[in-house]
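**Q** Residues per chain, in single letters:
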Amino acid sequence: MKPFTYAKANDRADATSQAADDATFIAGGTNLLDLTKLEVMAPDRLVDINRLDLAEISETDEGGLRIGALVSNSDCAAHVRVRQVYPVLSRAILAGASGQLRNKATTGGNLCQRTRCYYFYDTAMPCNKREPGSGCQALQGFNRIHAILGASEACIATYPGDMAVAMTALDAAVEIESAAGEVRLIPVRDFHRLPGDHPEKDNILEAGDLITAVILPPPVTGRQIYRKVRDRASYAFALCSMAAVVEMDGDRIASAALAFGGLAHKPWRDEAVEALLVGEKPSAALFGRAADQLLAEARGYGSNDFKIALTRRVLIAVLTEATQEGAAA
Amino acid sequence: MTAHQKMDKADERNRLDDMVQGLVGTPMDRPEGPLKVSGQATYAHEWDVPDMLYGVLARATISKGRVTDVASSGLIGKNGVRAVITDDRLLRRPAQGGADEAPAQGAKQVDYFGQPIALVVAETFEQARHGANRLEISYEAEGNAAFDPEAEDTDTDLPEDDQLDQGDLDQAMRDAAFTVDQVYRTPGHNSAAMEPHCAIASWDGDKLTLRGSYQMLNFNINELADALHIVPDNIHMLSPYVGGGFGSKLGISPEAVSAALAAKEVGQPVCVALSRPQVFETTMRRSETRQHVRLACGEDGVLTGIGHECLVSNLPGEGFYEPVTQATHFLYGGKHRKLGIEVARVNRTCGGSVRAPGEAVGMQVLENALDELAEASGIDPVELRKRNVPDRHPEQDIPYSSRRFVEALDEGARRFQWDECNKKPGSLREGDWLIGHGMAGASRVNILSEAKARVTLQADGSALVETDMTDIGTGTYAILTQIAGEMLGLPAAKVETRLGDTDFPRGPGSGGSWGAASTGSAVFLACEEIRGTIAEAMGIEEDELTLADGKAGKGEAARPLADILAGKPLSAIGHIEPGQTLEEMQQATYGSYFAEVAVNAVTGETRVRRMLGVFGAGRILNEKTATSQCYGGMIWGIGSALTEELVFDNRDGHIVNHDLAEYHIPVNLDVPQIEVVLLEERDEYASPIQAKGIGELGICGAAAAVTNAIYNATGIRVRDYPATLDKLLADLPEA
Ligand SMILES: Cc1cc2nc3c(=O)[nH]c(=O)nc-3n(C[C@H](O)[C@H](O)[C@H](O)COP(=O)(O)OP(=O)(O)OC[C@H]3O[C@@H](n4cnc5c(N)ncnc54)[C@H](O)[C@@H]3O)c2cc1C
Ligand code: SF4
Chain C
1 MKPFTYAKAN DRADATSQAA DDATFIAGGT NLLDLTKLEV MAPDRLVDIN RLDLAEISET
61 DEGGLRIGAL VSNSDCAAHV RVRQVYPVLS RAILAGASGQ LRNKATTGGN LCQRTRCYYF
121 YDTAMPCNKR EPGSGCQALQ GFNRIHAILG ASEACIATYP GDMAVAMTAL DAAVEIESAA
181 GEVRLIPVRD FHRLPGDHPE KDNILEAGDL ITAVILPPPV TGRQIYRKVR DRASYAFALC
241 SMAAVVEMDG DRIASAALAF GGLAHKPWRD EAVEALLVGE KPSAALFGRA ADQLLAEARG
301 YGSNDFKIAL TRRVLIAVLT EATQEGAAA
Chain H
1 MTAHQKMDKA DERNRLDDMV QGLVGTPMDR PEGPLKVSGQ ATYAHEWDVP DMLYGVLARA
61 TISKGRVTDV ASSGLIGKNG VRAVITDDRL LRRPAQGGAD EAPAQGAKQV DYFGQPIALV
121 VAETFEQARH GANRLEISYE AEGNAAFDPE AEDTDTDLPE DDQLDQGDLD QAMRDAAFTV
181 DQVYRTPGHN SAAMEPHCAI ASWDGDKLTL RGSYQMLNFN INELADALHI VPDNIHMLSP
241 YVGGGFGSKL GISPEAVSAA LAAKEVGQPV CVALSRPQVF ETTMRRSETR QHVRLACGED
301 GVLTGIGHEC LVSNLPGEGF YEPVTQATHF LYGGKHRKLG IEVARVNRTC GGSVRAPGEA
361 VGMQVLENAL DELAEASGID PVELRKRNVP DRHPEQDIPY SSRRFVEALD EGARRFQWDE
421 CNKKPGSLRE GDWLIGHGMA GASRVNILSE AKARVTLQAD GSALVETDMT DIGTGTYAIL
481 TQIAGEMLGL PAAKVETRLG DTDFPRGPGS GGSWGAASTG SAVFLACEEI RGTIAEAMGI
541 EEDELTLADG KAGKGEAARP LADILAGKPL SAIGHIEPGQ TLEEMQQATY GSYFAEVAVN
601 AVTGETRVRR MLGVFGAGRI LNEKTATSQC YGGMIWGIGS ALTEELVFDN RDGHIVNHDL
661 AEYHIPVNLD VPQIEVVLLE ERDEYASPIQ AKGIGELGIC GAAAAVTNAI YNATGIRVRD
721 YPATLDKLLA DLPEA
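Sequence order for the protein chains is C and H.
Sequential numbering from 1 applies to the first sequence in my numbering.
Sequential numbering from 1 applies to the second sequence in my numbering.
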């Protein structure tokens with residue numbers, strides 16, 4: 001690993017000003033340290049944010065929850081309110097990584113975790129995300145875990161996480177403090193970027209930006225489901241995952257918030273799909289149309305072609321489950 | 001004193017059964033277990049060696065060609081970097097198991113992507129790793145590398161010893177009532193032992209001490225000496241604890257030779273550990289295989305012909321090839337036989353032994369084909385197998401030593417309630433899950449190897465067992481302690497077993513499942529000799545001697561051993577050699593597997609819900625460690641069936657998924673409650689302790705039970721392993 005300096009941040013201003021000066025935050029370190037050892041990331045300066053006062057979960061005035069950026073994944077998933085009113089979030093987090101990792105992993109770090117693209121991880125391989133302009137070795141290579149939606153010729157990587165997929169379906173927002181001390185709220189669904197010509201930028205954070213919290217809106221009603229499909233029963237990233245918050249009004253769909261993981265450079269949400277469902281009676285034909293809409297622009301790159309058929313099946317199965325009679329709120 | 005026995009004839013005395021201490025066969029805990037779980041067992045990387053430096057290997061980033069320059073001068077002297085080793089003696093590949101001489105040397109020639117090129121030595125591991133990452137290596141690449149074993153223009157050769165054409169299989173296929181004619185594929189595997197490879201080298205003048213993680217020291221010492229151009233007498237190797245091997249530590253590998261060269265050059269001890277990606281890239285891989293299987297049988301299901309023709313791969317010039325057809329030769333009858341292996345020469349990481357080379361993938365496919373034949377002929381799969389158990393070896397016309405194959409099939413079927421399982425594919429469903437059952441046979445050749453061990457009965461009446469045999473997590477410490485305790489009438493606490501030191505009498509090490517029976521026999525022979533001396537001192541015959549709980553003799557007359565020894569320790573070396581019984585008899589171990597799977601009808605994800613294995617492997621020396629070996633094998637079977645696959649990029653031959661995040665071994669949730677049943681058996685032809693190998697048996701065919709169950713659940717035959725969900729999706733019921 002490349003030598004680096006290490007400092008602990010005493011407060012947010014200290015943290016953001018160091019970061020504005022080219023330092024990299026370290027929270028749980030479960031992603032950053034792996035990448036640093038391999039020199040996929042080679043920061044010169046680390047600033048440890050674990051001392052900051054960001055490890056609380058509290059209720060917001062609106063009745064939602066404010067999850068501090070340093071709340072561990074384990075604590076968030078186990079929190080009573082989260083389990084009671086945002087079960088999709090709890091389930092998504094528990095579907096990820098392992099108990100040990102979730103104990104270390106933080107809410108902010110999880111949002112920023114980087115892709116698992118094999119070629120990104122191997123410094124001998126060309127990779128536009130790691131080394132802009134060097135090419136994308138996954139495009140014509142082995143791309144089983146890669147994107148089918150929203151990819152570019154420059155990069156077909158996916159955002160690999162689970163937590164953010166549920167947050168996207170819940171319309172959560174990321175609270176960010178800049179080096180200038182300004183605080184802004186960005187919907188989770190807009191936090192990650194599509195790769196376009198700049199795959200080196202995973203998300204909208206600018207130098208110095210510190211994630212301070214994730215804000216969950218007031219409790220939503222309806223059925224919540226998280227379905228994750230992967231290559232083994234546990235401890236593997238999603239080939240396709242789906243977070244659904246669906247509410248029925250009698251025998252019709254009143255609202256549907258659907259987010260997908262493992263398919264794109266960001267948790268994927270498609271409003272047209274949701275619009276198509278609202279006000280309709282659930283049926284196989286309707287769900288088929290929803291899948292057509294979701295996957296209209298989908299494209300496989302060889303080893304990941306199967307994801308298109310898989311996503312279609314998952315979408316239909318999850319919607320069927322969510323709209324079944326007797327579905328508890 | 002040396003007691004020698006060559007297995008030229010059966011040893012029907014079953015002497016262990018005459019003993020009364022009651023240790024052998026019991027599920028005794030590992031004596032070293034508490035050390036291991038409390039972090040006190042010293043693994044290769046954990047030795048506290050003063051003044052130690054660290055080395056990290058730098059890798060080739062081309063697939064074939066020559067290194068023209070290693071820009072070491074820019075690194076040395078900065079950031080703690082002390083040296084860059086580019087010695088011509090560096091290994092390009094690890095040694096094959098039992099090579100006994102250096103493997104390909106000279107890292108300037110590049111044969112595969114990821115090959116070690118140079119060693120960067122620094123004061124800390126981190127500095128060395130950074131140096132290795134930064135080391136600039138210039139190449140002259142050659143454009144004619146081959147990566148895809150199945151590509152038209154890839155060179156292949158046919159090892160002479162492995163081509164059998166007996167009778168007329170084509171005709172048998174034409175005449176048969178039922179046939180199977182299918183091509184199957186299995187991917188490459190990595191051993192993925194928990195402990196990555198590591199070696200610490202320290203020199204004292206001309207004398208080298210190498211602490212490492214190796215399976216077969218008796219060979220490794222010669223391989224290392226040959227590689228370094230020194231005599232083996234100048235080397236002392238220590239491997240008391242090995243965190244898993246599975247074949248990947250059979251031969252000396254690049255970390256040992258580079259550590260030794262570096263330590264000599266810098267004049268300080270040097271530690272070289274492989275990172276996980278390096279374990280994948282520079283230690284042995286199991287070859288992928290393409291297997292064309294043809295089966296022909298009559299109306300009665302009795303085989304008339306077997307064809308098993310395989311394509312495997314390895315680096316150019318490498319002698320080893322995956323012996324896929326090993327068990328096909330003897331397991332089932334059939335007069336007309338065509339068995340062959342073809343080796344494609346590719347620029348991929350070196351192919352070598354990975355747990356149960358041959359049967360692990362060969363049985364897996366053969367047992368799939370048997371399932372297809374059972375379906376074609378309408379005969380129950382258990383019954384079909386029983387009808388095809390030959391009286392004598394179908395090719396060599398020799399008898400079998402003890403063979404509990406039929407019993408394993410029957411016992412498994414009975415315990416699993418096989419007869420009550422649904423036989424119609426795709427017709428059993430629980431919610432979203434399609435339920436299926438499958439079975440397969442197990443078989444693995446048995447090998448006895450020359451081994452020596454020293455047993456010393458010390459003046460205080462306790463015993464010491466010493467051999468260079470290794471314990472790679474298998475339970476060697478336990479079983480050798482048990483054999484010595486049983487023979488000498490001592491409780492386990494009075495026996496100390498010391499392993500993994502080349503100063504001790506030598507044996508074949510751990511490999512090919514031969515360790516326990518071979519070194520166990522050597523310990524047995526040494527103890528027998530000591531018993532003879534004690535009997536003589538007591539004026540009786542050895543077979544009249546009762547040794548129990550530290551005393552000699554029976555009842556009131558029993559005397560403490562220490563009294564009889566009168567202050568003088570007794571020491572003997574036991575020496576076992578394989579003999580005629582290995583040639584004149586077909587020796588193997590056998591078993592059966594039964595599995596229940598649930599396949600998700602929406603996603604194609606498969607979960608194994610229960611699994612049973614019934615095995616006959618001669619005398620069981622320790623029920624717990626033997627059962628654990630079978631658990632481990634069956635878990636490997638689940639991995640082979642469902643998830644494990646080395647992915648190669650055919651543009652440059654590099655391993656794409658070279659870490660445990662993307663090379664998917666089964667995790668806890670993938671493994672159901674597994675039941676293992678060990679059949680009572682004594683194989684008198686196998687060894688004087690009537691034991692056979694058990695370390696690999698549990699994988700040989702296990703995956704087939706799972707994929708046969710997938711077929712029963714879904715009606716889908718996956719012939720291209722592993723059975724990941726994408727291979728099922730298209731044929732699952734409509735969403
Ligand atoms: C073997 C393995 C399996 C895994 N499986 C899964 C899985 O199935 N599903 C899943 O979702 N995840 C999985 N993960 C990923 C895991 O969830 C992440 O590693 C973890 O969430 C990262 O959190 P951290 O606090 O350790 O981040 P760190 O490693 O500390 O940081 C990660 C990145 O986030 C930045 N960062 C951290 N905090 C902030 C902040 N407050 N503001 C701005 N930037 C910040 C850091 O600078 C760094 O770039 C797995 C990880 C491993 C190692
Ligand atoms: S997909 Fe993206 S991350 Fe992967 S190699 Fe291409 S550019 Fe790099």
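Hints are computed from structural coordinates only; laboratory data are not their basis.
Incorrect hints may have been included.
To be verified - Below, simulated EDC-like cross-link-like pairs (lysine to aspartate or glutamate); rule was C-alpha separation at most 16 angstroms, straight line:
id, chain 1, residue 1, chain 2, residue 2
1, H, K78, H, E126
2, H, K108, H, E142
3, C, K37, H, E536
4, H, K727, C, D305
5, H, K423, H, D397
6, C, K2, H, E407
7, C, K281, C, D305
8, C, K37, H, E407
9, C, K8, C, D44
10, C, K2, H, E536
11, H, K78, H, E142
12, H, K568, H, E536
13, H, K554, H, E541
14, C, K2, C, E56
15, H, K423, H, E450
Stated by the list, open to error - Examples of chain H residues lying across from chain C (beta carbon under 8 angstroms, computed):
id, residue
16, E577
17, H664
18, E680
We treat Cβ as the ideally placed atom computed from N, Cα and C, and that holds for glycine.
**Q** Please go over all the hints and tell whether each is borne out by the structure.
**A** Hint by hint, here is what the structure shows:
{"no.": "1", "hint": "H/K78 to H/E126", "result": "holds, 13 angstroms"}
{"no.": "2", "hint": "H/K108 to H/E142", "result": "holds, 13 angstroms"}
{"no.": "3", "hint": "C/K37 to H/E536", "result": "violated, 65 angstroms"}
{"no.": "4", "hint": "H/K727 to C/D305", "result": "holds, 11 angstroms"}
{"no.": "5", "hint": "H/K423 to H/D397", "result": "violated, 36 angstroms"}
{"no.": "6", "hint": "C/K2 to H/E407", "result": "violated, 60 angstroms"}
{"no.": "7", "hint": "C/K281 to C/D305", "result": "violated, 31 angstroms"}
{"no.": "8", "hint": "C/K37 to H/E407", "result": "violated, 53 angstroms"}
{"no.": "9", "hint": "C/K8 to C/D44", "result": "holds, 15 angstroms"}
{"no.": "10", "hint": "C/K2 to H/E536", "result": "violated, 70 angstroms"}
{"no.": "11", "hint": "H/K78 to H/E142", "result": "violated, 33 angstroms"}
{"no.": "12", "hint": "H/K568 to H/E536", "result": "holds, 15 angstroms"}
{"no.": "13", "hint": "H/K554 to H/E541", "result": "holds, 14 angstroms"}
{"no.": "14", "hint": "C/K2 to C/E56", "result": "violated, 33 angstroms"}
{"no.": "15", "hint": "H/K423 to H/E450", "result": "violated, 48 angstroms"}
{"no.": "16", "hint": "E577", "result": "violated, 45 angstroms"}
{"no.": "17", "hint": "H664", "result": "holds, 5 angstroms"}
{"no.": "18", "hint": "E680", "result": "violated, 35 angstroms"}
In summary, the numbered hints that this structure violates are 3, 5, 6, 7, 8, 10, 11, 14, 15, 16 and 18.
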